[in-house]
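> Quick note, the sequences are listed as chains A and B, same order.
Each residue of the first sequence is one higher than the one before, starting from 1 at the first, in the working numbering.
Each residue of the second sequence is one higher than the one before, starting from 208 at the first, in the working numbering.
Just so you know, not all the hints are guaranteed correct.
Stated by the list, open to error - Chain B residues, not near chain A, derived (Cβ > 10 Å throughout):
#1 272
#2 293
#3 301
#4 305
#5 325
#6 382
As the list claims (entries may be wrong) - Heads up, incomplete: computed chain A residues facing chain B, CB under 8 Å, no partners named:
#7 5
#8 6
#9 11
#10 39
#11 162
Hints were generated in silico from the structure; no laboratory data involved.
Given the structure is predicted, the values throughout are model-derived calculations rather than measurements.
Virtual Cβ for every residue (Gly too), placed ideally from N, Cα, C.
2 protein chains.
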Amino acid sequence: MIRDPQDIEARSMKIIRSELKVPLPDEVMPIVMRVIHATADFSFAESMYFSPNAVRIMRDMLSRGSTIITDTNMALAGINKTAAARLGAELLCEMADEDVARTARDKGVTRASVCAARALERRGNRLLVCGNAPTFLLEIVEALKRKAHDDIAVIGVPVGFVNVVESKEALRASGLTCIASMGRRGGSNVAAAIVNALMYGIGGVRE
Amino acid sequence: MIRDPQDIEARSMKIIRSELKVPLPDEVMPIVMRVIHATADFSFAESMYFSPNAVRIMRDMLSRGSTIITDTNMALAGINKTAAARLGAELLCEMADEDVARTARDKGVTRASVCAARALERRGNRLLVCGNAPTFLLEIVEALKRKAHDDIAVIGVPVGFVNVVESKEALRASGLTCIASMGRRGGSNVAAAIVNALMYGIGGVRE
Chain A
1 MIRDPQDIEA RSMKIIRSEL KVPLPDEVMP IVMRVIHATA DFSFAESMYF SPNAVRIMRD
61 MLSRGSTIIT DTNMALAGIN KTAAARLGAE LLCEMADEDV ARTARDKGVT RASVCAARAL
121 ERRGNRLLVC GNAPTFLLEI VEALKRKAHD DIAVIGVPVG FVNVVESKEA LRASGLTCIA
181 SMGRRGGSNV AAAIVNALMY GIGGVRE
Chain B
208 MIRDPQDIEA RSMKIIRSEL KVPLPDEVMP IVMRVIHATA DFSFAESMYF SPNAVRIMRD
268 MLSRGSTIIT DTNMALAGIN KTAAARLGAE LLCEMADEDV ARTARDKGVT RASVCAARAL
328 ERRGNRLLVC GNAPTFLLEI VEALKRKAHD DIAVIGVPVG FVNVVESKEA LRASGLTCIA
388 SMGRRGGSNV AAAIVNALMY GIGGVRE
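The shape of chain A in the complex, shown without the other chains (with noise of 0.2 Å):
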């Protein structure tokens, strides 16, 4: 059996690269393919958007010091802490704040599209990462329709049966800049893949 860790990434990535039937441009490559290594799900090749130029843009600022906000703490704990601390980007998800609970129940709205409200309202670049909850996507896709920001990018990779898909299809038609996996699929795993395979490749940041 192979033990070594980084030899099994390599082996899973040649793995990939040889049952990979859909030609995708350099670009976003790496992206695809850390997504179908988390998920072994190669429908993915053919789901997932990319705004133009949406890798490059991101990275770009992912280099320049950001706040990555997601919308589960389990997207969160799937992002690379190492890679993060190395660019200076602060990690940030308020799902499990009282704070965001109270505002949702007062306002009748879920606590996702509060924290994506809250998450517009702070300064700086923002990579919002929504891998859950639709409503997350939405409060972003409307916000912005109205006063677009050059300091945001969003990956928009819910997963799900209702609001999912038209979530989705609402971020694309945005023009913001964003990667999104068109359809149901997607997922928290799914978000923690694309923020990373982000990371890792800026220069000088390793997994």
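For this one, chain A is given, so just place chain B on it according to the hints.
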């Protein structure tokens, strides 16, 4: 748009039920449905393995107080804390532990296999949950082949391309009380979904 979480959940489950083409025993149905809910991937309906009475045995164990030990902090993050507290279940992941890293370096093994060995040294009811690292699963199967424990049950759903299929085949062949996703697919999200589905089926525990 439907915004009420309980309504979204109910509609999601209705869609899953209507699209599920594989007949499944009543006992395993809620577990498989929650995995599909977490992944939008119906292939799990055909790939999941349940040892005899696995669901009943695991729920019985969880209802008597147990430690749920995961191989990733990501799986841990996805487990419903309120439900676990209600059952008096302790949640544990030692993957980021300094001691574990040191022992792994000294022995030349993976951190996951050290975590598994430490889990086996503990006492009491233990649900061992593997969503990522095949070496975590293989350590358990190897150790328990020599000495069976009736206070241990295993969820084996690592994802990936190297050692993964083999580790789950070994688990299935071990005779241990287990739930597994055969083949390459699985993940921390699948692991957490299974634990949550088990807990939600115990009287008095809610989502």
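> Please verify that hint: residue 5 (chain A), Cβ, nearest Cβ of chain B, below 8 Å or not.
Given a least distance of 7 Å, the restraint on residue 5 (chain A) holds.
> Residue 293 (chain B): least C-beta distance to chain A exceeds 10 Å?
holds (17 Å)
> If we take the beta carbon of residue 301 (chain B), is the closest beta carbon in chain A still more than 10 Å away?
Since the minimum Cβ distance to chain A is about 14 Å, residue 301 (chain B) lies beyond 10 Å and the statement holds.
> Under 8 Å is the threshold here; is the Cβ of residue 11 (chain A) close enough to any Cβ of chain B for the hint to stand?
holds (5 Å)
> Should the label of residue 325 (chain B) as a non-interface residue stand, given a Cβ cut-off of 10 Å to chain A?
Non-interface label stands for residue 325 (chain B): nearest chain A Cβ at 18 Å, farther than 10 Å.
> Going by Cβ atoms, does residue 305 (chain B) stay more than 10 Å from chain A at every point?
holds (14 Å)
> How about residue 6 (chain A): closest beta carbon in chain B under 8 Å, or not?
Violated, about 12 Å.
> If I take the minimum Cβ distance from residue 272 (chain B) to any residue of chain A, is it greater than 10 Å?
The claim holds: residue 272 (chain B) sits with its nearest Cβ about 24 Å from chain A, beyond 10 Å.
> Hint validation: residue 162 (chain A) versus chain B, beta carbon distance must be below 8 Å. Holds or violated?
holds (5 Å)
> With a cut-off of 8 Å on the beta carbons, see whether residue 39 (chain A) makes it to chain B.
holds (6 Å)
> Residue 382 (chain B): least C-beta distance to chain A exceeds 10 Å?
holds (21 Å)
In terms of the numbered hints stated before, the structure departs from hint 8 and from no other.
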